[in-house]
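Below, each chain spelled out in residue letters.
Protein chains: 2
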Amino acid sequence: MLIQRRFLLFAAAMIFMLSCVIIAAKNVYAVNLKSFILKPVPIPKNNPQTKEKIKLGKMLFFDNRLSGDGSLSCASCHVPAAGFTTPTRLSLSYPTTMHWRHTPSVIDSGYLKFLFWDGRATSLEQQALGPISTPFEMNKHIHYLTAELYEIPVYRKMFRQVFHAKNIITQKMVAEAIASFERTIVVTKTPFYSYIKGNKHAMSKKAIAGFKLFIGKASCIRCHYGPVFTDNKFHALGVPPLHLTGKTAKLVAVTRHYFTYVNAHLKNSNKIKRDLGRYLITHKKSDMYKFVTPSLIDIGEIGPYYMHNGSIKGLLNVVKFFNKGGGNIPNKSKLIKPLHLTLKQEYEIVAFLKSLDGPKFNITSPKLPHFINK
Amino acid sequence: MLIQRRFLLFAAAMIFMLSCVIIAAKNVYAVNLKSFILKPVPIPKNNPQTKEKIKLGKMLFFDNRLSGDGSLSCASCHVPAAGFTTPTRLSLSYPTTMHWRHTPSVIDSGYLKFLFWDGRATSLEQQALGPISTPFEMNKHIHYLTAELYEIPVYRKMFRQVFHAKNIITQKMVAEAIASFERTIVVTKTPFYSYIKGNKHAMSKKAIAGFKLFIGKASCIRCHYGPVFTDNKFHALGVPPLHLTGKTAKLVAVTRHYFTYVNAHLKNSNKIKRDLGRYLITHKKSDMYKFVTPSLIDIGEIGPYYMHNGSIKGLLNVVKFFNKGGGNIPNKSKLIKPLHLTLKQEYEIVAFLKSLDGPKFNITSPKLPHFINK
Numbered sequence: 001m002l003i004q005r006r007f008l009l010f011a012a013a014m015i016f017m018l019s020c021v022i023i024a025a026k027n028v029y030a031v032n033l034k035s036f037i038l039k040p041v042p043i044p045k046n047n048p049q050t051k052e053k054i055k056l057g058k059m060l061f062f063d064n065r066l067s068g069d070g071s072l073s074c075a076s077c078h079v080p081a082a083g084f085t086t087p088t089r090l091s092l093s094y095p096t097t098m099h100w101r102h103t104p105s106v107i108d109s110g111y112l113k114f115l116f117w118d119g120r121a122t123s124l125e126q127q128a129l130g131p132i133s134t135p136f137e138m139n140k141h142i143h144y145l146t147a148e149l150y151e152i153p154v155y156r157k158m159f160r161q162v163f164h165a166k167n168i169i170t171q172k173m174v175a176e177a178i179a180s181f182e183r184t185i186v187v188t189k190t191p192f193y194s195y196i197k198g199n200k201h202a203m204s205k206k207a208i209a210g211f212k213l214f215i216g217k218a219s220c221i222r223c224h225y226g227p228v229f230t231d232n233k234f235h236a237l238g239v240p241p242l243h244l245t246g247k248t249a250k251l252v253a254v255t256r257h258y259f260t261y262v263n264a265h266l267k268n269s270n271k272i273k274r275d276l277g278r279y280l281i282t283h284k285k286s287d288m289y290k291f292v293t294p295s296l297i298d299i300g301e302i303g304p305y306y307m308h309n310g311s312i313k314g315l316l317n318v319v320k321f322f323n324k325g326g327g328n329i330p331n332k333s334k335l336i337k338p339l340h341l342t343l344k345q346e347y348e349i350v351a352f353l354k355s356l357d358g359p360k361f362n363i364t365s366p367k368l369p370h371f372i373n374k
Numbered sequence: 001m002l003i004q005r006r007f008l009l010f011a012a013a014m015i016f017m018l019s020c021v022i023i024a025a026k027n028v029y030a031v032n033l034k035s036f037i038l039k040p041v042p043i044p045k046n047n048p049q050t051k052e053k054i055k056l057g058k059m060l061f062f063d064n065r066l067s068g069d070g071s072l073s074c075a076s077c078h079v080p081a082a083g084f085t086t087p088t089r090l091s092l093s094y095p096t097t098m099h100w101r102h103t104p105s106v107i108d109s110g111y112l113k114f115l116f117w118d119g120r121a122t123s124l125e126q127q128a129l130g131p132i133s134t135p136f137e138m139n140k141h142i143h144y145l146t147a148e149l150y151e152i153p154v155y156r157k158m159f160r161q162v163f164h165a166k167n168i169i170t171q172k173m174v175a176e177a178i179a180s181f182e183r184t185i186v187v188t189k190t191p192f193y194s195y196i197k198g199n200k201h202a203m204s205k206k207a208i209a210g211f212k213l214f215i216g217k218a219s220c221i222r223c224h225y226g227p228v229f230t231d232n233k234f235h236a237l238g239v240p241p242l243h244l245t246g247k248t249a250k251l252v253a254v255t256r257h258y259f260t261y262v263n264a265h266l267k268n269s270n271k272i273k274r275d276l277g278r279y280l281i282t283h284k285k286s287d288m289y290k291f292v293t294p295s296l297i298d299i300g301e302i303g304p305y306y307m308h309n310g311s312i313k314g315l316l317n318v319v320k321f322f323n324k325g326g327g328n329i330p331n332k333s334k335l336i337k338p339l340h341l342t343l344k345q346e347y348e349i350v351a352f353l354k355s356l357d358g359p360k361f362n363i364t365s366p367k368l369p370h371f372i373n374k
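Those sequence lines, one after another, are chains F and C.
According to my numbering, the first sequence is numbered sequentially starting from 1.
According to my numbering, the second sequence is numbered sequentially starting from 1.
None of these hints come from the bench; they were simulated from the model.
This one's a predicted model, so the numbers in the text were calculated from it and none came from an experiment.
Note that beta-carbon positions come from the ideal geometry of N, C-alpha and C, so glycine has one too.
A hint or two may mislead.
[Claimed, not checked] Covered, in the sense of this in silico footprint (three residues per stretch, anywhere, with C-beta under 8 angstroms from a C-beta of chain F), are these stretches of chain C:
{"hint": "1", "segment": "222–232"}
{"hint": "2", "segment": "310–324"}
[Stated by the list, open to error] Beta-carbon label-pair distances, calculated as ranges:
{"hint": "3", "chain 1": "F", "residue 1": "167", "chain 2": "C", "residue 2": "240", "range": "41 to 51 angstroms"}
{"hint": "4", "chain 1": "F", "residue 1": "167", "chain 2": "C", "residue 2": "233", "range": "34 to 44 angstroms"}
{"hint": "5", "chain 1": "F", "residue 1": "300", "chain 2": "C", "residue 2": "363", "range": "53 to 63 angstroms"}
{"hint": "6", "chain 1": "F", "residue 1": "171", "chain 2": "C", "residue 2": "167", "range": "33 to 43 angstroms"}
{"hint": "7", "chain 1": "F", "residue 1": "171", "chain 2": "C", "residue 2": "363", "range": "50 to 60 angstroms"}
{"hint": "8", "chain 1": "F", "residue 1": "161", "chain 2": "C", "residue 2": "44", "range": "49 to 59 angstroms"}
{"hint": "9", "chain 1": "C", "residue 1": "285", "chain 2": "F", "residue 2": "126", "range": "55 to 65 angstroms"}
{"hint": "10", "chain 1": "C", "residue 1": "156", "chain 2": "F", "residue 2": "364", "range": "26 to 36 angstroms"}
[As the list claims (entries may be wrong)] Looking from chain F toward chain C, a few residues come up when the C-beta cut is under 8 angstroms (computed):
{"hint": "11", "residue": "69"}
{"hint": "12", "residue": "70"}
{"hint": "13", "residue": "94"}
{"hint": "14", "residue": "135"}
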């Protein structure tokens, strides 16, 4: 019975896929729906998932003691109920500091080739220690982090059990545990996934129309393809800058100088008016103003602010931004051109994007251990 | 007239000195009062004092932005009105961290060969960046410190004027400016200094009796000699440990682990029950439990807590501690033996110590600049 059912589903899916390729062909891009099927999240060989490691990683993710003054945890910016991102334009940061980029979501981050907007990490293990240690985010001395965790009996025991290491907690272990937890933050139940598996009623007509535009006239698919809808590449779009005045001018100033600091080769950094993006990492002129293509899974849930600096509010405005051909910036991607979409079509694309939303995450905060056994 | 007066003073001083040597001779130690005369504070050749640099250093000393969350400045622990130390047993520290040593005073620190209780810095320039960057004190990322200062127009201008460097503020400059200000924190007007300059009425009879004990029966002079009363050496005294229970047990634990961290060679760090002092820096067994001899100038003003861990309250109890021959500790200094002082004599030594106090510092907090010109 089961085999028969599976076969029927498979056949239905195949037929649907073929039809989709035909539909798409009319609109320039041939799309194989198979390419959207979500495989299990890749697990690195040197950091296998275990139940205990994931549990430990979850605790660390929620523990404020991972910040310098005990005021922020990973979950303070990657808020589970807000799609594991921050529901404000910019990331939270530590008192007396300010951040200048919008928090990327953790959702499906296990599928990404590049982490951070400028792609400076290429694994979740590499990513995890960055926000903990930077003075613009959690500002924890990485040496004190491991020293402090070691003095919490429950953690000491858990790290020993998970990593089979006696009397030591290392930065690497902390990063691996957090990454293991993050690899469990995967959205599998979206209307779109149901649709491509053969459930034609999973998406509304409007959303299906949006999908056709997405892979056709609007050509979103050029950058947003694959199971989590990203090419894992970097593009300059000309996203509007944030207009910061008065008190928040400090942000711009600090940003600039931080960029100068880590990029001592930059001349006249005071005249830099935009976030240089990928260029700050590669120092290649061709990477100027480029940011990585984000995943679109759960895109509705992670709103209302979008883009690397959170400057666009609401999905409709994101679509409008692309419809008018992006912003005005040197080095702009040649893929970004006016789309001539009607307002109706813009709404259809938004409807499709919302079909990439999974159910709300219902993650309860773990019980955190004390500094002394009790 | 002036020359004559000077000559008379000099002659009087010489006669007094000789008499003092005689007095001291009766009590074992021959003391040349000339050795107590305070010379101008030594200025390193590579960091000359300028009025502007001192002004800048004072501003930095009082600026909370030198801590990671903007809650602490140098002056938070080195409180001018409390003799440039902390009027609590232990140093203040950053939220979620705890310190385990008592704040040394800044007063006359320009004369010292070693800074910190374990002597890990040998100049004020070296010392200044330590408390700013350690997670157990101000917890400021040293890279962000210079970036942030650079974004404050007034500081940017001042650093340029003081250090003749364009478009840059370095850690070295910050340290040099703070050190320059600290070298101005010198106590010159004590009853004792007046006394050795020839004013016999500057000290009470009780204090003079105390001085005789100090250089005689009590033999304090063996370690506390010279203009600021220190041999600049390290001794193990067996100072009582702080009895920390419950919540504050964390302190002990963190201390131990911190020591382990910076001293990875230490085995069984969990079994360490005392601060290992100088040993943590030199790794020589002969330095175990040793701490540097502090200056005694302004010793009354910097109370009520004394010793490296602030465990002794009040000068009388400090004298009593030495009178009973210090504490019970391996590696204890052979200079520390029971003194057989009477209670009256203990009080006399306290009276002498108080004659080393200068007038209260009356330092007003400087006006601190804004992040934007206004």
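Checked hints:
1. Here's how the segment 222–232 of chain C fares: 0 of its residues keep a CB closer than 8 angstroms to some CB of chain F, so the rule of at least three is not met and the hint is violated.
2. Counting residues of the segment 310–324 of chain C whose C-beta lies closer than 8 angstroms to any C-beta of chain F gives 0; at least three are required, and the coverage claim is violated.
3. Take residue 167/F and residue 240/C: their Cβ atoms lie about 29 angstroms apart, and the range 41 to 51 angstroms is violated.
4. Judged by the Cβ atoms, the range 34 to 44 angstroms given for residue 167/F and residue 233/C holds: they are separated by roughly 35 angstroms.
5. The supplied range of 53 to 63 angstroms is met by residue 300/F and residue 363/C, whose beta-carbon atoms lie about 58 angstroms from each other.
6. Taken as a hint, the range 33 to 43 angstroms holds for the pair residue 171/F and residue 167/C, whose Cβ atoms sit roughly 34 angstroms apart.
7. Roughly 42 angstroms separates the CB atoms of residue 171/F and residue 363/C, a value that falls outside the hinted 50 to 60 angstroms.
8. In this structure the supplied range 49 to 59 angstroms holds for residue 161/F paired with residue 44/C, their Cβ-Cβ distance being about 53 angstroms.
9. A beta carbon spacing of about 41 angstroms between residue 285/C and residue 126/F contradicts the range 55 to 65 angstroms that was offered as a hint.
10. With their beta carbons about 48 angstroms apart, residue 156/C and residue 364/F fall outside the hinted range of 26 to 36 angstroms.
11. Hint status for residue 69/F relative to chain C: holds, with the closest Cβ pair at about 4 angstroms, below 8 angstroms.
12. Because the smallest distance between the Cβ of residue 70/F and any Cβ of chain C comes to about 4 angstroms, under 8 angstroms, the interface hint for this residue holds.
13. With a cut of 8 angstroms, the hint placing residue 94/F at the interface with chain C holds, because the nearest CB-to-CB distance is about 6 angstroms.
14. With its C-beta approaching chain C no nearer than about 4 angstroms, residue 135/F sits inside the 8 angstroms limit, and its interface hint holds.
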